[in-house]
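Trainee: One letter stands for each residue in the lines below.
Number of protein chains: 4
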Amino acid sequence: MNARPRVGLIGCGRIGKIHLRTLLAHPERCEFAGLVDSNEGALRTIAAEYRLETVSTDISTIFDDPTIDAVIIASSTETHAACIEEAARTGTSAFTEKPIALDLESTDRALAAVHWAGTRLQVGFQRRFDSGYAAAHRKIADGELGTIEMIRDAMRDPAPPPPAYLEKSGGLFRDMTIHNFDCVRWLKGHDPVEIFAVGSALTGDEVLAAGDIDTSIVTMRFADGSLASIENSRRSGFGYDVRTEVFGSKGAIHIGDSRQTPVRHLTASGVREDHQYFFLERFKDAYEAEVLSFLQAVVSDTEVEVTGADGRAALRLAILAEESRRLGRPIAAGEVANGIDSELESRMTISA
Amino acid sequence: MNARPRVGLIGCGRIGKIHLRTLLAHPERCEFAGLVDSNEGALRTIAAEYRLETVSTDISTIFDDPTIDAVIIASSTETHAACIEEAARTGTSAFTEKPIALDLESTDRALAAVHWAGTRLQVGFQRRFDSGYAAAHRKIADGELGTIEMIRDAMRDPAPPPPAYLEKSGGLFRDMTIHNFDCVRWLKGHDPVEIFAVGSALTGDEVLAAGDIDTSIVTMRFADGSLASIENSRRSGFGYDVRTEVFGSKGAIHIGDSRQTPVRHLTASGVREDHQYFFLERFKDAYEAEVLSFLQAVVSDTEVEVTGADGRAALRLAILAEESRRLGRPIAAGEVANGIDSELESRMTISA
Amino acid sequence: MNARPRVGLIGCGRIGKIHLRTLLAHPERCEFAGLVDSNEGALRTIAAEYRLETVSTDISTIFDDPTIDAVIIASSTETHAACIEEAARTGTSAFTEKPIALDLESTDRALAAVHWAGTRLQVGFQRRFDSGYAAAHRKIADGELGTIEMIRDAMRDPAPPPPAYLEKSGGLFRDMTIHNFDCVRWLKGHDPVEIFAVGSALTGDEVLAAGDIDTSIVTMRFADGSLASIENSRRSGFGYDVRTEVFGSKGAIHIGDSRQTPVRHLTASGVREDHQYFFLERFKDAYEAEVLSFLQAVVSDTEVEVTGADGRAALRLAILAEESRRLGRPIAAGEVANGIDSELESRMTISA
Amino acid sequence: MNARPRVGLIGCGRIGKIHLRTLLAHPERCEFAGLVDSNEGALRTIAAEYRLETVSTDISTIFDDPTIDAVIIASSTETHAACIEEAARTGTSAFTEKPIALDLESTDRALAAVHWAGTRLQVGFQRRFDSGYAAAHRKIADGELGTIEMIRDAMRDPAPPPPAYLEKSGGLFRDMTIHNFDCVRWLKGHDPVEIFAVGSALTGDEVLAAGDIDTSIVTMRFADGSLASIENSRRSGFGYDVRTEVFGSKGAIHIGDSRQTPVRHLTASGVREDHQYFFLERFKDAYEAEVLSFLQAVVSDTEVEVTGADGRAALRLAILAEESRRLGRPIAAGEVANGIDSELESRMTISA
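Chains as they are written, first to last, in this note's numbering: chain A, 1 to 352; chain V, 1 to 352; chain S, 1 to 352; chain P, 1 to 352.
Okay, chain A solo, but in the shape it has when bound (with noise of 0.2 Å):
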């Protein structure tokens, strides 16, 4: 494999450009191949801003393009099942945004083409990448909490997103609780066997109006009897808060910042530091990170950190979450069937 793979983005929104800075700041890594994005305003302003010279509306001059190693699927959830199909197709790596769809079925259908298909696919759960998450795993891997007993994960937003952004978003638990399912399995190195949720719409009518929830706290029990809980919010009022607290037999360690400019300030009131406001910031090196590593394991020919199954796992955790809310009661794991069939279940072990 080329040293330097030609790498083509598809799409530039908030998180598309952050990935296009990411393959512009290392000419060492990568050769950036070309930008897609549907939306031919902002094509043309990220065009010019950047000096681009290969962009298109149409997704064909990426996928067409014979000398295109990989391609980062930065686009709107509803494409993303499409392109990682394509990606199949033409034998393409693929990096994609998560979600990779927000129903089983859409899921199974891309996950089976990339399988048939022997190509690559990494999902963007970026948490992973994070300096902080990443020494917290090395150091459950390496037994230094002992048998993880409980881990207590916690994700809000300062605000809400606005009413077009939540009709599309799938909901609470497929939207936001993902990266928290995805974090939870990671570090415990399991899926659970039963979750309860409960969740409440608190903020205001919009979330009511669509339907959903913007407060909730999903509880799991794994076959060991250790336990795990998830809270959300949309709207913390204070900024991005995002703790993870790992316990173990021998210990625990937590994991999270919160100050955004190394900086207190003491007066005859008090003493006030300032707040990481949104997850650009918290995560800014790690959403960098992970397109490295996905970039790394394109060049060196290996599996991803992050997998497909990862992707499907955590939507199916979402899933359980909502019917058991709906329900009010706990769910077992296995209540939920499970569409993909039995060649492509047996991959789809955890990564870590």
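Calculated from the structure, these hints are not laboratory results.
It should be emphasised that the depicted structure is a prediction, and the values quoted were computed from it without experimental measurement.
A portion of the hints provided could be inaccurate.
All copies of an identical chain are treated as equivalent in the list; a pair is satisfied when it fits inside any one copy or across any two copies.
In silico DMTMM-like pairs for lysine to aspartate or glutamate, Cα to Cα no more than 25 Å straight-line [said to hold, decoys possible]:
hint, residue 1, residue 2
1, K188, E273
2, K250, E273
3, K284, E28
4, K168, E105
5, K98, D301
We have chain A; now place chains V, S and P onto it with these hints.
Mentor: For chains V, S and P alone, kept in the frame of chain A given last:
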């Protein structure tokens, strides 16, 4: 009322000795009137160490002494209710360690005695007198957090208690989580309408043998849709862990400290601090403050800050949690019959 | 020696009351023998509040009482030396607040009296009994920091004292920096060989009028080339600031805490904590510990942990600093004449 | 001016590579025009890694190219002044790493060349572009601290540099403390009127052999009576230590972070965090921000944020400190002759 009430103490175990020191250290607030303990050896040791003159193994020396205004009940759990009833009978103000009893029937009998005698009863939920919890409660009451939307309350002991303790403890929820139940309902200002509890025995055979659990997560839902989560463990592996986070529409409050000694040690292998090991260190000041608050209520003839009704309500939540765990499903707050008569119930709002 | 020494107290001002509480709260460690204060009004108020029976305005009631084993001297600075001499004359162990006196001559007379009487004298440098400072000292002694290369010691009061206090204080270096001088030489284990001091009056006319300064930096050099820096201010603007950093060849230790209440408040405008306001809160436990340590020395007939020689050495550094500031140049430690006779001097090593 | 200036880079050592990445990662802000380094091997390696086309060992390829708008000078210290003069001669905007030179004469010659050519020169004091330092400077400028009364500025490297580096470094004050001198005068808004410096060689024979020191404290006094203290060490033993505290009449600001990875590990033997090891991690974002700020000044034809005059003033303080240490006494700021002519001097106020 005497501006300096005469106070008797029942029990000179671990917590009894703490209360003894408080009484002796505050001659400006009370007059120490005598100590009773059924263990004659312990009694003699304490009497010699502290030069106590009035000690006895006979509880009637306290209740038959008309000059005694108040009593601190720090004897073993199974004696609390009888002591409370005796205090009520003799018109003595009583402060009792938690729980009042391990079942609602005994609790109700004790509360009824206090109610009909018109005496005073304070329950030893010392957290409420910790400067951190008190400040949080004040900020919440002042509306600084807006509407409370989620509470996360964690409590972990460094190591499991001995089997003999477990046997008489009434189980994790009545013995340990009861503090969290009180804390959550006090901070929220309401009782939950639904509880779901999961738990496991992960620390060893002793807990299993006692039919108990040592690790649990309790999820609660309130009538206004707000949520709460309580985490417990009998064995943290690193020390005493008591932290509470309250999330409101306008921001959040984190309560809790972990460092025991104000020292950070910076070395080539990282930075090290110590950690509080036990509740006696964490709540040293709160144990003193709750007794001083009780004495103040006695002197000024006002209601105590933590009532018998609070003690009963926390026990009821513990029983509901136990039932939820047994049944493997959420329990509505009304599902456990409420033996207390309606006149009493009407008095049983949350002390705030 | 009596396992429970009878202790008299001289002075019931701010710090005297703190020591009074310690004596009353520890009947197992001492017997409170009486209080003397020249202010009859204050004396009566305290006597009534704490139900004290033996109080007097006449100091001889303490020194003429042969049953009194020890005395705590917490009266105003100008009386310390005379009380110490009286204690020496009557064979009474003495604990004195700092400083022994404001000049070396009076100090030497008091120390000589103690020396020739063979009695016991402890000076109230309470920092040494703070758990943080004690832990740091232990780690240094254990070699965990390697060779000590630099010490930074900061101390700031929230607001300047009243003019009346300033007038009798002896100036910033003797009144405030004296704690830092003791701290640095105790942690380092040596006296410096050179001192350079700069200072200014920045907080207002009162300090200028008193011919004093309120803001200063003192730099010290030790014979082994290691360095130290002391920062002081009479007005921090935010509370009480006591922090010490010790840097060695193998790492560093930071001592100090700032938060009073274990609460963090997260809002849209940032994160807020409170700050300790005054030394009484910061060193509450240390004030108790130093007196208990003194009582222990009395009971076990051993040397105290902070000797008169330590008190004298800190005063000498304060005088050197003052001289350096006056002359505008560094002062060698030998430049200020040493009035004490050589036999005493030979005993005057640093207590560690 | 071109909205996207063409920028040449001189030097591809440690810091040169950092600036190279910044230039390559920001095609929207500049066009990378070529790299020059006298070391052909290093040059070829870098060219291959980053697919650079225009590289040369001949510096005239940059200065003879009329299409080049700006140059980043990251070569070794002794070449800075000549490159600055060449940039001035050819009308090229220049960003130079600190220091401009190790003596005032060369510095003045370079500044005069820039002055008479009317070109632009920025000096690489990156701290000013750190979000923490920038926020502190802003708060001070906004009067949030009131009058600045004391500044404490500390900087420690984890381990001493190799002997070859020490030899050409110009000594601790010119090489390391120069950052602190810039920082203190920038935060205070004035130069001090008096400096006193002490220093020692404590880390080993190499420093002694180089006639240098590795541990120092510099004390400064300003005309308004305010004070500052700078601590330096070549060997902290625990990592990179950069912390600054500014104390004003209304409160204080602490600048600095120490943790590299957002993880705390809680064990039975205490709580552990890691520590930033080196300046490259601590100031990663600041190195990028200072170059982007320079490019912005080029594009908008405005003054840079850190001028040549700032570079000269910091060097002058370093020379004063050295002289103070040599003489063993404080030095007044006027004591070191100022070779620069008066017209230049009049421009040399502090950039703020």
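Trainee: None of the hints should be skipped; say for each whether it holds.
Mentor: Right, here's what the structure says about each hint:
Taking the shortest Cα distances, K188 and E273 sit within 25 Å of each other only across copies (22 Å), while inside one copy they are farther apart (33 Å). Taking the closest pair of Cα atoms, K250 and E273 come within 25 Å of each other only across two copies (17 Å); inside a single copy the shortest separation is 33 Å, beyond that limit. In this assembly of identical chains, K284 and E28 lie within 25 Å of each other by CA distance both inside one copy and across copies; the values are 20 Å within and 19 Å between. Taking the closest pair of Cα atoms, K168 and E105 come within 25 Å of each other only inside a single copy of the chain (17 Å); across copies the shortest separation is 53 Å, beyond that limit.
When the C-alpha separation of K98 and D301 is checked against a cutoff of 25 Å, the pair qualifies only within one copy, where the shortest distance is 23 Å, while the shortest distance between copies is 44 Å.
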